[in-house]
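Q: Letter by letter, the chains look like this.
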Amino acid sequence: MIDIEIYKKIKTYQGVKELVVKDKIPQGSVTKVYGPSGAGKTTFLRMIAGLVSPERGRIKAGDQLWFDAAVKLNLSPQERRAGFVFQDYALFPNMTAMEHLRYATADQPLIERLLQIGKMEAFAGHKPQQLSGGQQQRLAILRALALRPKLLLMDEAFSALDDELREELITDLKVILKEFEASTIIVSHHAQETLGFADRSLKIE
Amino acid sequence: MEWTPIWLSLKLAAITTIILLILSIPLAYWLSRRSSLFKVFIEAILTMPLVLPPSVLGFYLLISFSPNGFPGHWLQEHFNLSLVFSFQGLVLASVIYSLPFMVSPLKSALAHLPLSLTEASYTMGKSKLETFFRVQLPNIQSSLWTAIVLTFAHTLGEFGVVLMIGGRLEGSTKVASIAIYDAVDNNQYHEANLYSMVLFAITFVIVILVFIFNRNAARGPLE
Chain U
1 MIDIEIYKKI KTYQGVKELV VKDKIPQGSV TKVYGPSGAG KTTFLRMIAG
51 LVSPERGRIK AGDQLWFDAA VKLNLSPQER RAGFVFQDYA LFPNMTAMEH
101 LRYATADQPL IERLLQIGKM EAFAGHKPQQ LSGGQQQRLA ILRALALRPK
151 LLLMDEAFSA LDDELREELI TDLKVILKEF EASTIIVSHH AQETLGFADR
201 SLKIE
Chain Y
1 MEWTPIWLSL KLAAITTIIL LILSIPLAYW LSRRSSLFKV FIEAILTMPL
51 VLPPSVLGFY LLISFSPNGF PGHWLQEHFN LSLVFSFQGL VLASVIYSLP
101 FMVSPLKSAL AHLPLSLTEA SYTMGKSKLE TFFRVQLPNI QSSLWTAIVL
151 TFAHTLGEFG VVLMIGGRLE GSTKVASIAI YDAVDNNQYH EANLYSMVLF
201 AITFVIVILV FIFNRNAARG PLE
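In the order they appear, the protein sequences are chains U and Y. Anchor point for the first sequence: position 84 equals 84 in the working numbering, and the numbering is continuous, going up by one each time. Anchor point for the second sequence: position 117 equals 117 in the working numbering, and the numbering is continuous, going up by one each time.
Derived from the structure by calculation, the hints contain no laboratory data.
Okay, derived cross-link-like pairs now, DSS-like style, lysine-lysine, Cα gap no bigger than 25 Å in a straight line: (1) U:K11 to U:K22; (2) U:K72 to Y:K128; (3) Y:K126 to U:K60; (4) Y:K128 to U:K150; (5) U:K22 to U:K72.
Beyond 10 Å from chain U on every Cβ pair, some chain Y residues (computed): (6) S66; (7) L75; (8) V205.
For every residue, glycine included, the Cβ atom is placed at its ideal position computed from N, Cα and C.
Looking at chain Y on its own, in the form it has when it is part of the complex (with noise of 0.2 Å):
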């Protein structure tokens, strides 16, 4: 067994991650306040990826960066950079198809946050920042982790949208999840039950972490 993939998956999930960890906390707080027309908008947008074929996403996105699509041709031209067939390409795919996992818990932990904290804080003479930080972040703890636990899994086992932009190039783009396929593509059943384990125990463990760090929670990390 190869060990490549499981750490080009890791890498992989552990990079979205991250990124979606960055854009997702202000997204959310935009989101979780007051709705308008436009927010609804913005937020059907964003779920979209939840509910769409990951290989409909993939093959929008192979032809939007695709050297012949406009993204594709612009960053070709003044960064030099294809995204099709590359571990950005990957990068790019997932922070997009994980997205609602990260938002959807965040923005709903921030909305039912009762607003007299908030409140509190602001006649406490605290400005809308350090309430965030130090009042409004702190007691979504859970749902951030659960956030985290669910767009992290959900990288690790992506598919659709991995094989259509990446392919599956050695090394590069050929994820645990592909190589799972591949070998039993070619026959090779315990080199797949292999692959399948190591991915079984790591997600298994990430989950068992979650929950025992949110036990005291009144409510369970994926409530």
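So here's chain U without its partners, still in its complex pose (with noise of 0.2 Å):
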């Protein structure tokens, strides 16, 4: 289970807003993030990383508590290890499939299947920049789960991929997310995009 309160200002077009979110978000669910544009979903997904910090509220994952504004606690990304599948892959240009995958984890079985999941194995050898919109997010997606997340959080990650591709990594995802007992959090523009993974949604306005 994920306890989330959090509150924080933030910018849009109309001014600047408080975003401000409570959820709990059971183990093993996959929830769908939606909301108008600007309302604060990327954000929200980079305060649970711990990139951007919350001004107010708390954040607990499982038996850790990750934020607590009231003392003072605010663990770094590292401390927290949330796979982040990001909306521009962020992924490095100097690195092959392979080299992404290995700076994640050393388990060199979950690498060779996770190459498969995603349909990779021609490709690993190639650097980001060698590989298509749909290649590269799907290593995106990959290398945050090489890091067996606990909670695994994704901002628009099946954007660049067709029906078919998709339907066939979400089934993949959901045993190996189930696998890792990683709860997941999506944000996404489309609902199509998330139907038959999402179990649960969240707005955010």
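With the hints as a guide, bring both chains together as one complex.
A: Have a look at this one:
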């Protein structure tokens, strides 16, 4: 269970507003986050990962407190180790697909399995600039999974995949996430994208 | 033609480049992070050698490090070290004079790397140091080469600062650019031409090597 209660002032085109999110995310669930553009969906993911600090509130993952403004506790992103799939993929231009996964884990059987799930075996030696948009996006997802995260945060993580590929990937993702006992939060603009993946939703506005 | 001035120039450029590489990497990293008024001030000071007439910089270095100046007096008294009219003095002056050529390209490249690269690495549990050496530094490689070449070439071509603080002592401070000036001053145009051709060839080869090394980069090495 991830217990979230956060408050953060964010700048929008309508001026400054307060982003308030309260939610209890059950262990192993997949939560779809939706809402209008600029509502703070990405900021919400970044606050959970520890990349941005909320002004008030607390975040508790399992029995570990990640953030509590009242006692000035704020674990670093390194300590939280949430798998994060960035909207711009954030792939390292200097590393091949294989090196990306090795940077995340030393578990070679897991790496082989992830490459297979992402249909990336043939591209293990390729650098990001030699990969298509869809392959880059899959690699970003695989890299996040290579951490064996307890919490996976995905920002528009299926936007570059066609329907068939996405559906196949979702089937495999569900198996591996269940195995890791991971909870997932996915930001998506299109309801269609998370069909068959998300089992609950959270609106941010 | 004497080869000593050429060797001196190359030695000075190499030592200066190595010292600046070590100094500038952490400095550029610090400057590339969130900007503050203090950082703007520091950056302005570091950039001064770029716009200041070399003779002005050389003059103040000469005054500071002469036995009458405080730093010069202190070094003389505690380390028995005199920086004026010595090779060590040339190194110090070159480090100050060429600093912006090393720091600026590195700082600009680090600042332009997408923030998400470092963030991705942090969420993977990697420390700032490991992220710097495995993600940030390898991805600014072409700027690193540009900075090294600019610094080396700039030091090789130094004249005003070197003349001010080093004079023209045979074998210790008379570098190639000064040898060219001396030769012209003594109407030895043939000798000046030989020195010039050697300097031209060395710099051209270095620049060619960098272009070859960076030929696959999206941008040219000097952009």
